[in-house]
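Colleague: Spelled out from the first residue to the last, the chains are:
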Amino acid sequence: MIQDKDRKREVIVKRVANELKDGNLVNLGIGLPTQVVNYIPEGVDVLLHSENGFVGLGPTPKPGEEDKDIVNAGSQPASHVTGAAYFDSAMSFAIIRGGHLDVTVLGALQVDQKGNLANWMIPGKMVPGMGGAMDLVVGAKRVIVAMEHTAKGEAKILKQCNLPLTAAGEVDMIVTDMGVIQVTPEGLVLTEIAPETTVEEVISMTEAELIISKDLKVMDV
Amino acid sequence: MIQDKDRKREVIVKRVANELKDGNLVNLGIGLPTQVVNYIPEGVDVLLHSENGFVGLGPTPKPGEEDKDIVNAGSQPASHVTGAAYFDSAMSFAIIRGGHLDVTVLGALQVDQKGNLANWMIPGKMVPGMGGAMDLVVGAKRVIVAMEHTAKGEAKILKQCNLPLTAAGEVDMIVTDMGVIQVTPEGLVLTEIAPETTVEEVISMTEAELIISKDLKVMDV
Amino acid sequence: MNKIKTLDQALDNIKDGMTIAVGGFLGVGTPEKLIDAVIAKGVKNITLVCNDTAFPDKGIGKWVVNKNVSKVIISHIGTNPETGRQMNAGELEVELVPQGTLAERVRAAGAGLGGILTPTGIGTIVEQGKQKMTIDGKDYLLELPLKADIALIKGSIVDKKGNVYYNKATRNFNTLMATAADLVIIEAEKLVEVGEIDPTDVMTPSIFVDIIVE
Amino acid sequence: MNKIKTLDQALDNIKDGMTIAVGGFLGVGTPEKLIDAVIAKGVKNITLVCNDTAFPDKGIGKWVVNKNVSKVIISHIGTNPETGRQMNAGELEVELVPQGTLAERVRAAGAGLGGILTPTGIGTIVEQGKQKMTIDGKDYLLELPLKADIALIKGSIVDKKGNVYYNKATRNFNTLMATAADLVIIEAEKLVEVGEIDPTDVMTPSIFVDIIVE
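Chains as they are written, first to last, in the numbering used here: chain A, 1 to 221; chain B, 222 to 442; chain C, 443 to 656; chain D, 657 to 870.
Incorrect hints may appear among the rest.
Computed cross-link-like contacts, SDA-like style, restricted to lysine to any residue with a CA-CA straight-line distance of at most 20 Å [as the list claims (entries may be wrong)]:
| # | chain 1 | residue 1 | chain 2 | residue 2 |
| --- | --- | --- | --- | --- |
| 1 | C | K589 | D | D792 |
| 2 | B | K235 | B | P280 |
| 3 | C | K483 | C | D499 |
| 4 | A | K141 | C | L584 |
| 5 | B | K235 | B | D393 |
| 6 | D | K788 | C | T576 |
| 7 | B | K242 | D | M657 |
| 8 | C | K572 | B | K235 |
| 9 | C | K457 | C | K513 |
| 10 | C | K513 | C | D478 |
| 11 | D | K786 | C | G579 |
| 12 | D | K788 | A | K125 |
| 13 | C | K445 | C | T576 |
| 14 | C | K445 | A | G43 |
| 15 | A | K125 | D | D668 |
| 16 | D | K689 | D | M657 |
| 17 | D | K714 | A | Q76 |
| 18 | A | K141 | D | D795 |
| 19 | B | K362 | D | K803 |
| 20 | A | K114 | D | K794 |
| 21 | C | K445 | A | G169 |
| 22 | D | K803 | B | G295 |
| 23 | B | K283 | B | G264 |
| 24 | C | K580 | D | D795 |
| 25 | C | K572 | C | L584 |
| 26 | A | K21 | C | K457 |
| 27 | C | K572 | C | D591 |
| 28 | C | K572 | D | D795 |
| 29 | B | K362 | B | I414 |
For the record, the hints were derived by calculation from the structure and aren't laboratory data.
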């Protein structure tokens with residue numbers, strides 16, 4: 001089991017990056033998922049969607065080169081790539097809800113065996129609002145949850161989410177620092193395992209039942 | 222009763238033009254209503270809406286000065302005024318349906334006592350389709366029907382329309398070559414009469430019951 | 443990903459029996475080359491989604507004349523006498539849709555909405571077969587999304603990635619049709635390098651465009 | 657019709673208890689001068705329709721801090737701790753709406769639709785109190801139009817007639833809010849003569865704008 005915090009995060013974002021295909025339109029959630037952009041394989045041309053109203057999100061500008069009219073959906077200074085396009089919020093979510101987004105990558109508070117996702121509130125404690133998350137999870141063709149396997153040692157992959165859901169049954173794949181889990185009609189299938197990690201460790205850190213794939217591979221990270 | 226065809230049409234469009242107020246956004250239907258633009262009083266600044274996607278419809282260009290990318294909703298060469306704005310069909314009808322259009326002026330096959338309008342088909346005979354007419358009549362703040370009082374001597378202002386309706390109860394005012402009729406909860410009220418025309422003539426050419434206004438005036442045309 | 447194809451390559455995607463959405467308003471903003479190519483290929487039994495059937499010799503009206511179309515979902519057919527003739531003769535199925543409703547139905551399909559409520563058509567034959575709902579005391583019709591297999595659109599300026607700018611009144615239904623089809627083929631009036639259209643001025647983002655022909 | 661007014665003249669229209677829709681996304685594309693003027697006037701009990709409550713010292717977040725607002729209809733409050741604090745203390749009513757649903761509800765109000773059907777929120781607490789409908793085997797929520805008394809928006813370039821151009825990511829909700837309010841006040845970053853914005857490039861037509869402040 002990987003112990004180093006930075007290495008954990010690297011494993012997650014690197015593995016998610018390998019899921020992206022040439023020509024994909026992708027939305028990367030705030031926080032960890034944002035870093036996926038740094039690991040996209042060469043030759044894979046991905047267009048990034050930003051909820052606040054454009055496709056073609058570019059790298060963070062150098063200090064002093066910020067444009068006040070370009071920020072990402074987390075309000076950090078951003079840029080656009082050549083061939084980008086800006087639009088209003090109705091179009092931004094028409095793209096999301098209309099199934100035009102190939103992949104959305106989000107963090108999670110909890111995910112469960114049915115592909116349910118909870119990532120927008122802890123009642124009485126933290127209520128940031130769902131922002132665009134509910135639309136993203138319902139609308140994108142593929143929903144990838146990218147998160148650390150546990151939170152303060154507690155399992156986040158559960159038999160059943162007990163926090164308010166972001167969406168029901170929409171998650172396709174979970175990538176953590178311990179492995180890769182596919183959400184299938186039969187349940188959660190562990191298809192890849194992280195380096196330095198045993199199947200027993202994954203099972204012990206997961207509340208949900210895990211089916212271990214016969215073709216279990218080590219994550220290429 | 223006016224006999225001359227050209228004078229009849231002039232009376233109608235001149236009177237309708239006097240209904241338009243400074244700052245109004247107006248849609249003028251194909252045919253007779255289009256000519257209203259030539260009689261708008263000086264000092265009254267009206268913006269014309271064109272269903273095919275702009276506000277700020279301008280005059281017909283001179284031969285040789287046509288722009289293939291500017292036509293009116295009847296596909297005739299058109300122009301735009303300074304300060305015009307182009308948009309797509311969704312926005313064009315958001316403007317119409319959303320109540321942002323002050324006045325729509327349309328022709329009619331039939332109008333009745335309840336303000337019902339039929340102007341888009343004669344079953345088995347003429348079925349051009351409703352185009353934008355149903356949206357215009359439902360969405361505009363004021364619906365003015367501009368038409369000759371009769372068709373081949375037959376009444377067009379009826380107790381009840383027998384052709385398929387364009388919309389139910391949406392007409393506010395009818396302007397013809399014989400007078401001006403307001404659609405009220407009490408019924409049709411003749412408020413103005415055309416020059417050279419008697420009330421008896423109007424009544425005889427109208428199938429619907431007419432309430433004659435106590436303040437009946439002669440049309441200022 | 444090279445989206446630029448020849449007319450022939452683009453036409454390979456168009457088969458008999460497809461539902462095809464076409465941009466344009468009475469022939470303005472219509473991809474005439476694509477229309478002619480479909481006629482040349484002899485595609486049959488198309489269900490056409492379009493604002494109108496334009497004119498017998500201009501725009502999509504040529505498909506009606508050449509019998510490429512078995513059904514039209516449309517707001518206006520009055521400028522093309524051949525459409526009315528075929529309808530009356532039972533040769534062509536015509537579903538008339540109010541223009542604003544057509545725009546919203548296509549938009550709903552592209553935007554992932556299950557439908558929209560419009561007051562347009564209440565009290566008319568447009569009501570037939572539709573669910574009526576009362577919201578805040580006002581009646582509305584539930585109108586359902588309208589999707590196509592292919593959209594054929596026309597752009598005034600198109601970059602090689604597929605970003606589109608429509609000049610003046612040529613935009614009309616092109617932007618909507620591009621969102622609501624499985625495959626979108628655009629005819630570029632002027633093809634430019636990527637980056638030549640300012641990202642703020644793009645009207646249809648490249649993500650909606652699959653194939654570009656000149 | 658001169659739409660250009662002073663801040664004071666514009667503020668005359670804004671009263672306690674109104675529903676006010678404000679453009680901007682986390683403070684970008686937000687009319688900061690209008691926001692500050694509302695604070696200076698001390699307007700109370702505003703129902704705010706906006707994407708988010710931005711930050712305590714930037715954008716619409718300042719209204720929360722200054723207690724101008726009694727209710728917010730909003731998709732995100734996480735960047736402004738004061739919003740959460742007031743909510744938990746029972747001082748502020750917060751109605752959370754998914755961002756895409758918020759956009760469609762405002763659009764529906766502006767476009768005269770009685771509502772729209774969205775799959776977003778199905779299976780979540782967003783369902784509560786809403787009508788569910790099944791179309792083609794898929795579940796949708798009926799979401800209703802969201803209208804405002806006043807919209808406060810920000811344009812990058814505004815002509816003296818009220819045509820608006822939004823630079824880059826400043827467009828966001830500004831275009832939608834402008835369609836869904838009885839009175840629309842725009843703060844112009846740059847005010848230009850009528851005709852200086854190409855009619856094809858206008859993003860909010862002048863017909864939606866009532867008052868322009870610089």
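Colleague: Of the numbered hints stated previously, which ones are contradicted by the structure, given in increasing order?
Modeller: 4, 8, 12, 13, 15, 16, 21, 22, 23, 24, 26, 27 and 29
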